[in-house]
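Going by the numbering used here, the letters in the sequence shown line up with residues 1342 to 1892, in that order.
Think of the hints as simulated: they come from the structure by calculation, not from any bench. Hints may contain errors.
As the list claims (entries may be wrong) - Computed list of lysine-lysine pairs in BS3-like fashion (alpha-carbon distance at most 25 Å, straight line):
#, residue 1, residue 2
1, K1730, K1824
2, K1593, K1830
3, K1890, K1857
Note that the coordinates shown come from a computational prediction; the quantities given were computed from them, not determined experimentally.
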Amino acid sequence: MALTLLRVLIFLVIAKLVGAAEAASPKLAVVIAVDQLRADYLVRFRPYFGEGGFKRLLEGGADFRNAHYRHAVTHTAPGHALMLSGVHANVHGVIGNDWLDRATWEQVNSVEDRDSPLVGINPAELGPVAAANPAKTGRSPKNFSAVTVGDLLKQRYGDKSKVFTASNKDRAAILLGGKWGDSAYWDEAGKFVTARHYRAELPAWVVAFNAEKRAQGAFGKTWDRLLAPEIYEKVQGPDDAAGEYEGSGLTKVFPRNISAKGGATSAAFLTAYENSPFSTEALGEFLQRAIEEEQLGRHAGTDLLGVSFSQIDAIGHNYGPDSHEVMDSMLRLDRVLAALFDKIDRDVGLAHCVIVLTSDHGVAPLPERDVTRGGARVKPADLDAAVNKTLDAAFGELPSGERWFVRDNFSYHLRPAALAAKKLTVVAVAPVVKAALLTVPSVATSFTRDEILAAAPVGDELLAMLRRSYHAARGRDVVFVLKPYFMIKPTSGSTHATPYDYDTHVPIVFFGAGVKAGVHTESVGVDDIAPTLAPLLGVKLPPVAEGKKLL
């Protein structure tokens, strides 16, 4: 009898402790990724932010100002895959936004899944390429091989917790949500859609939101600067700058009308809309609706809201980081965030939330904006020609119609048929490709597959970064890195995906429950986010997470 009573008392104590722990856990975690948000933007534009958006986080949160990616291929998909998993591409497998599948010799999207068709839109609405091969429009986290903080919340709480993600981009929403997220939504042709992996049909509230036609409502609107033009000129320089891309349905200078000859459903208009801050505003409104309809922050367990704003990336590619367009887009995003935080405060209470702000990568300056850096634009054809010439000289020309390689982002795959025709092996040919690349003035370094998979020399940080971006089953035969400020963007605009500071340096800010405000200047990594967020939410660390706990 006494033993039974003791067991009952122990059970009650444990139950009380568990209940207290769950009650103390934040009700909602909000992870905000701003695509292509360089760390210096928060310093450069801070005097012009309002009080409720970025400033609220910076002044009330833990601001890590020396945060970097520790991997080399700073693309959108690998960045989002890392944020909440704490592991790099050598583990999670998302080596780029897309890559060549060696089994089929076709390009595969990072979140492609032919068994998970889109829900909420007909592939024919996405253009002739999608209509011709609708299976390739299917989406899911199938290619992602890691466990995220959201997955661990689902593991702990099950249906008592909800993991909801949304973005302008499919890969951002899907990879933030992990393998077991409840919902992931993204913008396709002006509609918020999902995929069969998550559900068979859109919920009624998403159908209703799409029926309001936010994208089409932007047709004919004028996008002009929020502040006086001279303020932008003081911070960013001239509006009309060399190297900017005049396309995507937008003119080079302000003001600009968001429209197109084909009307409000044309591909030209939708491209202009995606590049305008009106797409950011629509995503912000969608998130506010989701908080209400999905009852986020009001379940028994901790909920996770993951969001990635993509318009800064779109406009940064076209106009570069020193443009009026980027500055105004940031100021408008600041307002969207302020409204989102106010909504969360009303419905959940910010005191019951943890918020994380970060980015997937930065962006390079336009080569034309500062010629003193010595950067330049690189034509992919010039790289290919150098490799072809060297291989022909070393091994003789191939039979007519055959090719030595397929270039895949910053790398080369050697074609098996070409090697067979010359009775050669990858081990013999890859070093020749590497030597050819090193003769190109814009190339900084190159490595073969064998060199990357071998033990990295102590102190060779660049090679270590490349290894973190390299997945053995999906890796290429030869990879290369361009010199700083050189870019494969032959005519205009800017890009990223390098291991240099302008691409790796991003913000990390923690705000809310369990977070002490302050500025931190020590060197930290984006792989530190998951090991820091997990304890704040009362879940165990993601398996094999590589980073450290910051708070």
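A quick look at each hint next to the structure:
This hinted pair checks out: K1730 and K1824 have alpha carbons roughly 22 Å apart, not beyond 25 Å. A hinted pair counts as satisfied when its Cα atoms are at most 25 Å apart, and K1593 with K1830 qualifies at roughly 18 Å. With a CA separation close to 14 Å, the supplied pair K1890 and K1857 stays within the 25 Å bound.
Against the hints set out earlier in the document, no violation occurs for any number.
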